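Starting from the structure of chain A, add chain B where the hints point.
Protein chains: 2
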Amino acid sequence: MSDHDYDSTDRSRVRRRPERGSHERAVVEEILDDGLVCHVGFVADGRPIVIPMGYARDGERLLLHGAPASRLVKTLEAGAEACISVTLLDGLVLARSAFNSSMNYRSVVVFGKCRSLAAEDRRKALEILTEHFAPGRGAEARPMSEEEIAGTVVLAVSIDEATAKVRTGDPVDPEEDLSFPVWAGVIPLRLRPGTPIPASNLAAGIEPSRVVTEYRPGPAAS
Amino acid sequence: MSDHDYDSTDRSRVRRRPERGSHERAVVEEILDDGLVCHVGFVADGRPIVIPMGYARDGERLLLHGAPASRLVKTLEAGAEACISVTLLDGLVLARSAFNSSMNYRSVVVFGKCRSLAAEDRRKALEILTEHFAPGRGAEARPMSEEEIAGTVVLAVSIDEATAKVRTGDPVDPEEDLSFPVWAGVIPLRLRPGTPIPASNLAAGIEPSRVVTEYRPGPAAS
Numbered sequence: 147m148s149d150h151d152y153d154s155t156d157r158s159r160v161r162r163r164p165e166r167g168s169h170e171r172a173v174v175e176e177i178l179d180d181g182l183v184c185h186v187g188f189v190a191d192g193r194p195i196v197i198p199m200g201y202a203r204d205g206e207r208l209l210l211h212g213a214p215a216s217r218l219v220k221t222l223e224a225g226a227e228a229c230i231s232v233t234l235l236d237g238l239v240l241a242r243s244a245f246n247s248s249m250n251y252r253s254v255v256v257f258g259k260c261r262s263l264a265a266e267d268r269r270k271a272l273e274i275l276t277e278h279f280a281p282g283r284g285a286e287a288r289p290m291s292e293e294e295i296a297g298t299v300v301l302a303v304s305i306d307e308a309t310a311k312v313r314t315g316d317p318v319d320p321e322e323d324l325s326f327p328v329w330a331g332v333i334p335l336r337l338r339p340g341t342p343i344p345a346s347n348l349a350a351g352i353e354p355s356r357v358v359t360e361y362r363p364g365p366a367a368s
Numbered sequence: 147m148s149d150h151d152y153d154s155t156d157r158s159r160v161r162r163r164p165e166r167g168s169h170e171r172a173v174v175e176e177i178l179d180d181g182l183v184c185h186v187g188f189v190a191d192g193r194p195i196v197i198p199m200g201y202a203r204d205g206e207r208l209l210l211h212g213a214p215a216s217r218l219v220k221t222l223e224a225g226a227e228a229c230i231s232v233t234l235l236d237g238l239v240l241a242r243s244a245f246n247s248s249m250n251y252r253s254v255v256v257f258g259k260c261r262s263l264a265a266e267d268r269r270k271a272l273e274i275l276t277e278h279f280a281p282g283r284g285a286e287a288r289p290m291s292e293e294e295i296a297g298t299v300v301l302a303v304s305i306d307e308a309t310a311k312v313r314t315g316d317p318v319d320p321e322e323d324l325s326f327p328v329w330a331g332v333i334p335l336r337l338r339p340g341t342p343i344p345a346s347n348l349a350a351g352i353e354p355s356r357v358v359t360e361y362r363p364g365p366a367a368s
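Chains A and B, in that order, are what the protein sequence lines are.
All residue numbers for the first sequence refer to the working numbering, where the first residue is 147 and numbers rise by one.
All residue numbers for the second sequence refer to the working numbering, where the first residue is 147 and numbers rise by one.
Calculated from the structure, these hints are not laboratory results.
Nothing here was measured: the structure is a model prediction, and the numbers come from that model.
Among these hints, one or two may not hold up.
Identical copies carry no separate label here, and so any pair may be met within one copy or between two of them.
Stated by the list, open to error - Here are the simulated BS3-like pairs of lysine-lysine, each with C-alpha atoms no more than 27 Å apart in a straight line:
(1) Lys311 with Lys220
(2) Lys259 with Lys270
(3) Lys270 with Lys220
(4) Lys220 with Lys259
Just chain A, with the same shape it has in the complex (with noise of 0.2 Å):
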């Protein structure tokens, strides 16, 4: 792996349209900090198995939580390889017409075997999961117990051999369509919090702080 970009072998190569793929770091990394939820799949008796998980980038490694006795964490904790693809949904491309009409989005793919975390380097790997997910809130939630990290796990995954592939602006229509009297453009689309809903069991007289009321999935979305 050279400084600055992901491996590129044949099978993370992006074969359709390389002109959409990426293999710098900067793009898969800001793409990885921007999504909550990744699919990672795997094969289970020679066949595909596809479920989403919560993740978070910790350098070049994606850490995933799972309960540990899911399916799952046991399979990709025995060693099985894993594809995590993270795709972000970032506007509704309207062409002239339907037909080539697209998707604005960015998404990564990154192949590789998952290690479970020893016990010693759970609780920052679980700090990081926090962070990514709610930044601040670890330092204001009731701090984890040494119980409960005994009690869980955490996968990393190298992020060594990752695609990137993004797709942005305008939608593209051949020349005859262009007089075509319809609106053409992009309609954006991001993730947005709602008005943050108290717990039914919330004491009275508790206030929400700003890890709260300021918060906004992925940087990106701020």
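Same frame as chain A, but now just chain B:
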């Protein structure tokens, strides 16, 4: 398959948290109808691949639209088994501890083999895809040509074997955490449209219709 529920095989049964699993047809269909992007997993050379694709539900099947030359479409057309996952992130669930914090979500996993639709079935399928992505757009956009329909691929996969998982509502804290003095609750998350951006080559005087100005992704998001 019964009239009302989707099949629960060993593979699709929800193992970890059966109380969150649902095979009810209505739940599966509603989730599928609210999403725009699925993650399609398949096995190539024994290894997992996961790729995002646009999709729409057409009764008891999913329609996937892909570029004919892509490796994904070629592999799926050849009869590979697929696992198709749709995940809608509905909220960040902040418990008193980061450890017990979670996400509200709705997800569906569909297992099946894809088949490629014959040319005579593709127009209707492409219309269904268009209507799912941008309701009403098909009627105002430039109609599809026979050449376009001939040159595309639409894959269909039955929703026979499908599982839904849903988490809603409050965080779940242990009794001893309830007095910890921090706000707890849910920050709702929803994919929202921004202000439409006209194409740079849009002819002067063309305004967006209500198809564009009133667009909301997914019925549940409206």
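Cross-check of the supplied hints:
no. : hint               : in the structure
1   : Lys311 with Lys220 : between (30 Å within a copy, 19 Å between copies)
2   : Lys259 with Lys270 : within (21 Å within a copy, 42 Å between copies)
3   : Lys270 with Lys220 : within (22 Å within a copy, 43 Å between copies)
4   : Lys220 with Lys259 : both (13 Å within a copy, 26 Å between copies)
In summary, this structure violates none of the numbered hints.
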